[in-house]
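2 protein chains.
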Amino acid sequence: MQEQHIASAFDRDLETIQARIMKMGGLVEAAIMDSARSLETRDEELAEQVRANDKAIDALEEMINEEAARVIAMRAPTASDLRLILSVTKISGNLERIGDHAKNLAKRNSVLSQMPPVGDSPSALRRMAREVERMLKDALDAYIQRDVELAAVVIQRDHDVDQMYNTLFRELLTFMMEDARNITPCMHLHFIAKNIERMGDHVTSIAEQVIYLVSGERPEDNRPKADVTSVSL
Amino acid sequence: MQEQHIASAFDRDLETIQARIMKMGGLVEAAIMDSARSLETRDEELAEQVRANDKAIDALEEMINEEAARVIAMRAPTASDLRLILSVTKISGNLERIGDHAKNLAKRNSVLSQMPPVGDSPSALRRMAREVERMLKDALDAYIQRDVELAAVVIQRDHDVDQMYNTLFRELLTFMMEDARNITPCMHLHFIAKNIERMGDHVTSIAEQVIYLVSGERPEDNRPKADVTSVSL
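Heads up: the sequence lines are chains A and B, in that order.
Under this note's numbering, the first residue of the first sequence is numbered 421, with each subsequent residue one higher.
Under this note's numbering, the first residue of the second sequence is numbered 421, with each subsequent residue one higher.
Derived from the structure by calculation, the hints contain no laboratory data.
Take the hints with a grain of salt, since some may be wrong.
Unchecked claim - Straight-line C-alpha distance at most 25 Å; calculated DSS-like pairs for lysine-lysine: (1) B/Lys614 x A/Lys614; (2) B/Lys510 x B/Lys557; (3) A/Lys443 x B/Lys614; (4) B/Lys614 x B/Lys510; (5) A/Lys475 x A/Lys614; (6) B/Lys557 x B/Lys614; (7) B/Lys475 x B/Lys557; (8) A/Lys475 x A/Lys443; (9) B/Lys443 x A/Lys614; (10) A/Lys443 x A/Lys510; (11) A/Lys510 x B/Lys475; (12) B/Lys475 x B/Lys510; (13) B/Lys443 x B/Lys510; (14) B/Lys557 x B/Lys443; (15) A/Lys475 x B/Lys510; (16) B/Lys614 x A/Lys475; (17) B/Lys443 x A/Lys443; (18) A/Lys510 x A/Lys557; (19) B/Lys510 x A/Lys510; (20) A/Lys510 x A/Lys475; (21) B/Lys614 x B/Lys475; (22) A/Lys557 x A/Lys475.
Claimed, not checked - Partner residues aside, some chain A positions facing chain B, computed with beta carbon under 10 Å: (23) Arg462; (24) Leu466; (25) Ala476; (26) Arg495; (27) Arg517; (28) Arg566; (29) Leu570; (30) Val573; (31) Phe589; (32) Leu593; (33) Glu598; (34) Phe611; (35) Lys614.
In this text, a Cβ means the ideal position worked out from N, Cα and C, and glycines have one as well.
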């Protein structure tokens, strides 16, 4: 009876922290879309808001880590409960990094808005960002529902994001070679594309975490990296 | 008496984990230098070794996190001891990210080695990497000795790294504008420079963690970011 009581207290604690994860996830999803939209519409105010909101995301991560530690200290959880509670801190860590990347995007806004547009890169970037944002939504749903299949689909979709990045990378190279005046804006656009591609990697880590939680097995570490720009052009 | 016994058991646990942090730090310092050296000497074997060693770094981080959780579960530490043990997981997280950046550098080696060299960028990159590696060594010393002054010096030195990055960024732009054939190698060199600059940011986070541990106060969050490329060129 006593043990049952302790077990459900742990469950309540975990639910409270998971609710905070979902809140953090919502903020990060908004940051992804707002940062990409600010680039496309050259909306400096929206970019500033993304930068400001990143502090709230960071604060949530800190809060989640501290609560997780308190739960561990208070409940002395079993091995499998410990794995659950540690997953919370890993996922919040991934969310925090995605938020950082969104902030990096938003930071480029003011400099890019002073330059002539290059091709339709901002809308390509927004498509990439939208795909990452949808993947994140699904990864968090998969986490809450412990849905391994959905998590596997998310991991698969990261290849599409990598593919979008590769295409854009080649386009930017072409623009730069065509006209030296494109070089500076393209360097910034490439920086942005790389940031979005990395967001996708962190979403993938969240999905992998779900699979690990449910199956106890790590998805193979050497999944093919589809950013081929480090290997060939 | 009983309490004393518990306190020193916690201290022993903490020391064990800190020893692992130092081991992890040693591996990461080597990764920084080896990845930069592999670029300069175009040593594909050394680059491959950096990529392989990153798995050992990742495994150490996981081990440190699990041990920290176990200590928290077993010892139910006080608030200030909890802060100590959580600092361990933050620092190992920063070390893991630095290791990732070194791996990213090493990954660029095979593609860069097929291209003509551009200026003396690889040796400039190695100077940057060496400075970051020295900062990391000092940050970890500051951590073990709880040396706030040394930590503050490390934070200050990150501005030099940012400055080196800014200079290199401008040089790369110039090379690209001079000759379109430089564009592709310069994109890779810029990627590498940005990775080193980010390593410096993570070293700074470790130093900030030391200050927080000792003084209980976070260094102001809005320290001037000296990567000015997101603001102006």
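Hint by hint, here is what the structure shows:
The hinted pair formed by B/Lys614 and A/Lys614 meets the criterion: a straight-line CA distance of about 11 Å does not exceed 25 Å. Only pairs whose Cα atoms come within 25 Å are accepted, and B/Lys510 paired with B/Lys557 is accepted, the gap being roughly 17 Å. A C-alpha spacing of about 31 Å is found between A/Lys443 and B/Lys614, which places the hinted pair above 25 Å, so the restraint is violated. Straight-line distance between C-alpha atoms of B/Lys614 and B/Lys510 comes to about 22 Å, which keeps the hinted pair within the 25 Å bound.
Between A/Lys475 and A/Lys614, the direct Cα distance comes to roughly 22 Å. Compliance with the 25 Å bound is thereby established for this hinted pair. As the CA atoms of B/Lys557 and B/Lys614 are separated by approximately 20 Å, the hinted pair is consistent with the 25 Å bound. A threshold of 25 Å between alpha carbons decides the hint, and for B/Lys475 with B/Lys557 the separation of about 21 Å falls inside it, so the pair holds. The suggested pairing of A/Lys475 with A/Lys443 holds, with an alpha-carbon distance near 14 Å, which does not exceed 25 Å.
Taking the CA atoms of B/Lys443 and A/Lys614, the gap is about 31 Å. The hint is violated against a cut of 25 Å. A distance of roughly 16 Å separates the Cα atoms of A/Lys443 and A/Lys510; the hinted pair therefore holds under the 25 Å criterion. Restraint check for A/Lys510 and B/Lys475: satisfied, since their Cα atoms lie roughly 18 Å apart, inside the 25 Å limit. The hinted pair formed by B/Lys475 and B/Lys510 meets the criterion: a straight-line CA distance of about 19 Å does not exceed 25 Å.
For the given pair, B/Lys443 sits about 16 Å from B/Lys510 by alpha-carbon distance, which is consistent with the 25 Å threshold. With a C-alpha separation of about 12 Å, the suggested pair B/Lys557 and B/Lys443 falls inside the 25 Å cut-off, and the hint holds. A C-alpha spacing of about 18 Å is found between A/Lys475 and B/Lys510, which places the hinted pair at or below 25 Å, so the restraint holds. For the suggested pair B/Lys614 and A/Lys475, the alpha carbons sit about 23 Å apart, so the restraint of at most 25 Å is met.
A threshold of 25 Å between alpha carbons decides the hint, and for B/Lys443 with A/Lys443 the separation of about 36 Å lies outside it, so the pair is violated. Of the pairs offered as hints, the one joining A/Lys510 and A/Lys557 holds, with about 17 Å between alpha carbons and a cut-off of 25 Å not exceeded. Between B/Lys510 and A/Lys510 the alpha-carbon distance is near 11 Å, which keeps this suggested pair within the 25 Å criterion. As the CA atoms of A/Lys510 and A/Lys475 are separated by approximately 19 Å, the hinted pair is consistent with the 25 Å bound.
Straight-line distance between C-alpha atoms of B/Lys614 and B/Lys475 comes to about 22 Å, which keeps the hinted pair within the 25 Å bound. Distance check on the hinted pair: A/Lys557 and A/Lys475 sit about 21 Å apart at the alpha-carbon level, within 25 Å; holds. At about 15 Å, the closest approach between the beta carbon of A/Arg462 and any beta carbon in chain B exceeds 10 Å, and the interface hint on this residue is violated. The interface hint given for A/Leu466 is violated, since its Cβ lies 16 Å from the closest Cβ of chain B, which is over the 10 Å cut-off.
A distance limit of 10 Å between C-beta atoms decides the matter here; for A/Ala476 the minimum to chain B is near 12 Å, and the interface restraint is violated. The interface hint given for A/Arg495 holds, since its Cβ lies 8 Å from the closest Cβ of chain B, which is under the 10 Å cut-off. The beta carbon of A/Arg517 is positioned within 10 Å of a beta carbon in chain B (closest approach about 8 Å), and the interface hint is therefore held. Because the smallest distance between the Cβ of A/Arg566 and any Cβ of chain B comes to about 21 Å, over 10 Å, the interface hint for this residue is violated.
Here the hint on A/Leu570 is broken, as its CB sits about 25 Å from the closest CB of chain B, past 10 Å. Against a cut-off of 10 Å between C-beta atoms, the interface hint on A/Val573 is violated, since the closest Cβ of chain B lies about 25 Å away. Satisfaction of the interface hint for A/Phe589 is found here, the shortest Cβ-Cβ separation to chain B being roughly 8 Å, below the 10 Å cut-off. Against a cut-off of 10 Å between C-beta atoms, the interface hint on A/Leu593 holds, since the closest Cβ of chain B lies about 6 Å away.
Satisfaction of the interface hint for A/Glu598 is found here, the shortest Cβ-Cβ separation to chain B being roughly 9 Å, below the 10 Å cut-off. Below 10 Å, beta-carbon pairs count as interface contacts, and A/Phe611 has one with chain B at about 7 Å; its hint therefore holds. The restraint placing A/Lys614 at the interface with chain B holds, with a minimum CB-CB distance near 7 Å, inside the 10 Å limit.
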